[in-house]
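J.: The chain contents come next:
Number of protein chains: 2
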Amino acid sequence: MSEAGVANLSIEDSQSSVASTATADAKKAAKEAAKAAKEAAKAERAQQRGVKAAVMTQPDPEDPLREQYGDYPMVQSREQSSRVWTKVESLGKDLSEQKVLVRARVHTTRGKGKSAFLVLRQRTATVQAVLFADDVTVSKGMVKYATQIPKESIVDLEGVVKVPEKPIEGCSQKDVELQVTGIRTVSRAATLPFELVDASRSEEEVKAAAERGEILPTVGQDLRLDNRFLDLRTPANQAIFRVQSAVCQIFKNTLLAEGFQEIHTPKLIAGASEGGAAVFRLDYMGVPACLAQSPQLYKQMAICADFDRVFEVGPVFRAEFSYTHRHLCEFMGLDLEMAIHEHYFEVLDVIEKLFAAIFDGLSTEYAKELAVIAQQYPFDVPTFKPLRLTFPEGIALLQQGGYPEVDPLGDLNTELERALGKIVKEKYGTDFFILHRYPSAVRPFYTMPCADDPTYSNSYDVFIRGEEIISGAQRVHDAELLTERATACGIPLDTIQSYIDSFKLGAPPHGGAGVGLERVVMLYCGLNNIRKTSMFPRDPKRLTP
Amino acid sequence: MSEAGVANLSIEDSQSSVASTATADAKKAAKEAAKAAKEAAKAERAQQRGVKAAVMTQPDPEDPLREQYGDYPMVQSREQSSRVWTKVESLGKDLSEQKVLVRARVHTTRGKGKSAFLVLRQRTATVQAVLFADDVTVSKGMVKYATQIPKESIVDLEGVVKVPEKPIEGCSQKDVELQVTGIRTVSRAATLPFELVDASRSEEEVKAAAERGEILPTVGQDLRLDNRFLDLRTPANQAIFRVQSAVCQIFKNTLLAEGFQEIHTPKLIAGASEGGAAVFRLDYMGVPACLAQSPQLYKQMAICADFDRVFEVGPVFRAEFSYTHRHLCEFMGLDLEMAIHEHYFEVLDVIEKLFAAIFDGLSTEYAKELAVIAQQYPFDVPTFKPLRLTFPEGIALLQQGGYPEVDPLGDLNTELERALGKIVKEKYGTDFFILHRYPSAVRPFYTMPCADDPTYSNSYDVFIRGEEIISGAQRVHDAELLTERATACGIPLDTIQSYIDSFKLGAPPHGGAGVGLERVVMLYCGLNNIRKTSMFPRDPKRLTP
Chain L
1 MSEAGVANLS
11 IEDSQSSVAS
21 TATADAKKAA
31 KEAAKAAKEA
41 AKAERAQQRG
51 VKAAVMTQPD
61 PEDPLREQYG
71 DYPMVQSREQ
81 SSRVWTKVES
91 LGKDLSEQKV
101 LVRARVHTTR
111 GKGKSAFLVL
121 RQRTATVQAV
131 LFADDVTVSK
141 GMVKYATQIP
151 KESIVDLEGV
161 VKVPEKPIEG
171 CSQKDVELQV
181 TGIRTVSRAA
191 TLPFELVDAS
201 RSEEEVKAAA
211 ERGEILPTVG
221 QDLRLDNRFL
231 DLRTPANQAI
241 FRVQSAVCQI
251 FKNTLLAEGF
261 QEIHTPKLIA
271 GASEGGAAVF
281 RLDYMGVPAC
291 LAQSPQLYKQ
301 MAICADFDRV
311 FEVGPVFRAE
321 FSYTHRHLCE
331 FMGLDLEMAI
341 HEHYFEVLDV
351 IEKLFAAIFD
361 GLSTEYAKEL
371 AVIAQQYPFD
381 VPTFKPLRLT
391 FPEGIALLQQ
401 GGYPEVDPLG
411 DLNTELERAL
421 GKIVKEKYGT
431 DFFILHRYPS
441 AVRPFYTMPC
451 ADDPTYSNSY
461 DVFIRGEEII
471 SGAQRVHDAE
481 LLTERATACG
491 IPLDTIQSYI
501 DSFKLGAPPH
511 GGAGVGLERV
521 VMLYCGLNNI
531 RKTSMFPRDP
541 KRLTP
Chain W
1 MSEAGVANLS
11 IEDSQSSVAS
21 TATADAKKAA
31 KEAAKAAKEA
41 AKAERAQQRG
51 VKAAVMTQPD
61 PEDPLREQYG
71 DYPMVQSREQ
81 SSRVWTKVES
91 LGKDLSEQKV
101 LVRARVHTTR
111 GKGKSAFLVL
121 RQRTATVQAV
131 LFADDVTVSK
141 GMVKYATQIP
151 KESIVDLEGV
161 VKVPEKPIEG
171 CSQKDVELQV
181 TGIRTVSRAA
191 TLPFELVDAS
201 RSEEEVKAAA
211 ERGEILPTVG
221 QDLRLDNRFL
231 DLRTPANQAI
241 FRVQSAVCQI
251 FKNTLLAEGF
261 QEIHTPKLIA
271 GASEGGAAVF
281 RLDYMGVPAC
291 LAQSPQLYKQ
301 MAICADFDRV
311 FEVGPVFRAE
321 FSYTHRHLCE
331 FMGLDLEMAI
341 HEHYFEVLDV
351 IEKLFAAIFD
361 GLSTEYAKEL
371 AVIAQQYPFD
381 VPTFKPLRLT
391 FPEGIALLQQ
401 GGYPEVDPLG
411 DLNTELERAL
421 GKIVKEKYGT
431 DFFILHRYPS
441 AVRPFYTMPC
451 ADDPTYSNSY
461 DVFIRGEEII
471 SGAQRVHDAE
481 LLTERATACG
491 IPLDTIQSYI
501 DSFKLGAPPH
511 GGAGVGLERV
521 VMLYCGLNNI
531 RKTSMFPRDP
541 KRLTP
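First to last, the sequence lines map onto chains L and W.
The first sequence lines up with residues 1 to 545 when you count with the UniProt record's numbering.
The second sequence lines up with residues 1 to 545 when you count with the UniProt record's numbering.
Rather than coming from a laboratory, the hints here were simulated on the basis of the structure.
Small disclaimer: the values here were computed from a predicted structure and weren't measured.
Treat the hints loosely; a few may be bogus.
[Claimed, not checked] For lysine to any residue, the following SDA-like pairs were computed, each having C-alpha atoms within a straight-line distance of at most 25 Å:
#: 1; chain 1: L; residue 1: K427; chain 2: L; residue 2: P444
#: 2; chain 1: L; residue 1: K541; chain 2: W; residue 2: K207
#: 3; chain 1: W; residue 1: K504; chain 2: L; residue 2: D222
#: 4; chain 1: L; residue 1: K504; chain 2: W; residue 2: T218
#: 5; chain 1: W; residue 1: K368; chain 2: L; residue 2: G259
#: 6; chain 1: W; residue 1: K207; chain 2: W; residue 2: N528
#: 7; chain 1: L; residue 1: K541; chain 2: W; residue 2: N528
Here chain L stands alone, though its shape is the one from the complex:
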């Protein structure tokens, strides 16, 4: 264990209600602490060398308190008891003096003479647990057993909830600690490739320490991703994926309330999806196939099939050699498509409702998770005001804002998008906005041209913090115009004939949008890399785990 890990958790003995009752004098305590630390360091080094230290897993048979501790046999559905496990996050003053049973990970352990201090971790919650060998409720053997449990092991801990004199600063449950009466190991951890405390530390803390001349260990992205199931245990990661799940639920619930229904379209498709090189190809029972680059064609067919308003949450596949902070080869698409009566503004109305709900839902219902993320990756909650600018208006803002050379009929690159995001933030006070009426030349062939000027199209992108999270448009629902547009864009008609044909039997005017789930979470939380918001990211160099 790194010293920094201990520092990070900063458990002060003086804060402990148990330790404070101890009578050992300060000098002796300091000596014993130094000895224990030396022993722990030695055991750690031995473990790192792959040498199995003689670790205590079962109690001394002579110990009168032997029933109170030791490794469980493997949990194998032997029996169901009436025992109740309390969640760490629910441990508070209201449970004071009550006996509880907790199953959690051992986050840190520290032995000190006759006492042991453990921090137990369960998802984003941590609590201090204290053993003091008094030979009545806790034996010396029990203390030894507890201090030898490897970090990240899972234990069942019985104890009494105590309110310490001072708050426990290093733990999420500051108002209480557990006075242990029983400890049993459910699953032992082997040597860790990195420390959770190191993986949970903010860059700010590392910098601040460096200024004091102290070098704190950090964990690189590849090492994290190679051991993702361990990396994901950090409080920030636990919170990020709760937020990700929340975004999905708000997306679905908002659209269901707006009359949408969930659909599932195939990811294995014939031909070349929407064309282009960025497609994964495979053999399907002897027939050439590819993985869908989006549910575009199928969600449009669902509209032609009268489903009226549909959404899909599913993986999309892009065989792109992109190594940027915001591209993945597989990501979650939140797609929606809807019949419109007159105007693509009907789609924009839905998109604004959707993001109002996401921004509001996260900042109110998930404030705790956002705070946990911000502890490691500080960010300001983004602001939301509905704002629609036309593409020409956006170009004018850029021209006035220091980019006079910007092409009024070209696409915006990442730099220009970010610049526009900044200008909009300053001028309108929102981190969210919609840019619509893009030039036709920079949109796909199935985009409906504007009626008044076909140089422009009934299309839109949506931005958070100056980065695109949504692309969408009114689609061409007229087979003749679609053929014309495809031809003009150089798309071989034979590859999309069945798609074109699906608009020939009465096609509702419609529009839609595709949202990148990982991007929404990344940009909402101001994170710097999309790999942080994908549970098991896929990029050109990473296919495992």
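Got chain L sorted already, so can you dock chain W onto it with the hints?
T.: Frame of chain L; chain W shown alone:
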């Protein structure tokens, strides 16, 4: 249009409030009807030969009512009006004498002298619309225009809601009809590969007609699937996919309420997924990859990553040459995985809550959709009582029930599963039950053996109407035992080493299950083929549309 189609909708003139005000004598009307039918048949034949009949798309410029009808220009987001469209399903007596605007498909048209009868269809709802040329609100040109609109075209229809003397038997909206004052076509349909009325007919109706000596057209499965976007417009299909969406929502909401969170795991994975031949292989940026056969390994990693209780709704891929009624090469997996404290019964508790919610939710909130499905595919709503039988108990029931030869340590084939389903239904009165403690030999290597007898395992299947919809188990969370089990099952360890390793850093005991979404809907609704519950099914012979 088939005559059967008209018969099916059985719109009786005498039921029409508009027609009943007409003064034309019966003889003349009959003559004109015959003439109109002849003309319609002629136009149809011409259309079928690919000859474009001279169809009226714009009003006669001399018609004083020319503003009331004609094709719209293409809807292209020109402007947004304040017009409000009324849904067909909401047309009822409460709107009597009110003027409404409806956008819907032309389901059928029939001209008769100075009058025209249209049935408009919007998803599962239909309503009759009537035009009678009185030269005040409706001109002869308007009637002609209306009768020439091809079936499946989308129209905007203005009209006044009228309550007919007798209910309109052929429509879902029986209590009202629309007296048309304006009709405009939004999107014209070309020649249909089959008639919606033919595709919507029940086998029972075809049989009954055959007994009368009448042959009604039917539409085969391949023709339907080749034109799936048209086939999906039938009321039964509209209802099936609303039910499918509902099952998804109930699945998610029930599990969210039980403390689960939604995750998304990669479908592109290295190696061979869970092994075996039934895997789609592809090249991933020069590295061999495959499509995940299930999220099994990843959802278990999510548990090792402390997510505690997770679910995933995502596609699963099986490269199996199965042509049965219940296998697909791509289907939607509803997966769940959860840490357990002691026993896999904790998972079964969740599964029973889940299906109680699904059965209850469908039969109460989706009774209308179930009735629509039953119109074409008659079925009894299945019964739900929680019931758990051990595998040996199931074997005993089969042995007593006419299958004395059944292997007590073998797997159950489809015939035996169905037989057991029948026996259970008779004895316990439930279409749903859980069979647990399967022989270890018939379960995957990662299944936890029973503590008291490793011949059996902590595993389970769940059945509806005697067909399996769920497979699941407590998993082996101990790396040593997992290695032992894999070796015993002949799995090459090097292919699963990283999976095994993920249990070495403290692994919570856990279990889970995988549900096939299409199977749940198929079996709940007593449908005979899983292709009916997959929007765009994939089987060894079908990759399109």
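J.: It remains to establish, for every hint, whether it holds in the given structure.
T.: Here is how each hint holds up against the structure:
1. K427(L) with P444(L): Roughly 31 Å between the alpha carbons, so the hint for K427(L) and P444(L) is violated.
2. K541(L) with K207(W): 60 Å, violated
3. K504(W) with D222(L): 20 Å, holds
4. K504(L) with T218(W): Distance of about 23 Å is within 25 Å: holds.
5. K368(W) with G259(L): 16 Å, holds
6. K207(W) with N528(W): Roughly 18 Å separates the two Cα atoms, so the pair holds.
7. K541(L) with N528(W): Not satisfied, since the Cα-Cα distance of roughly 45 Å exceeds 25 Å.
In summary, the numbered hints that this structure violates are 1, 2 and 7.
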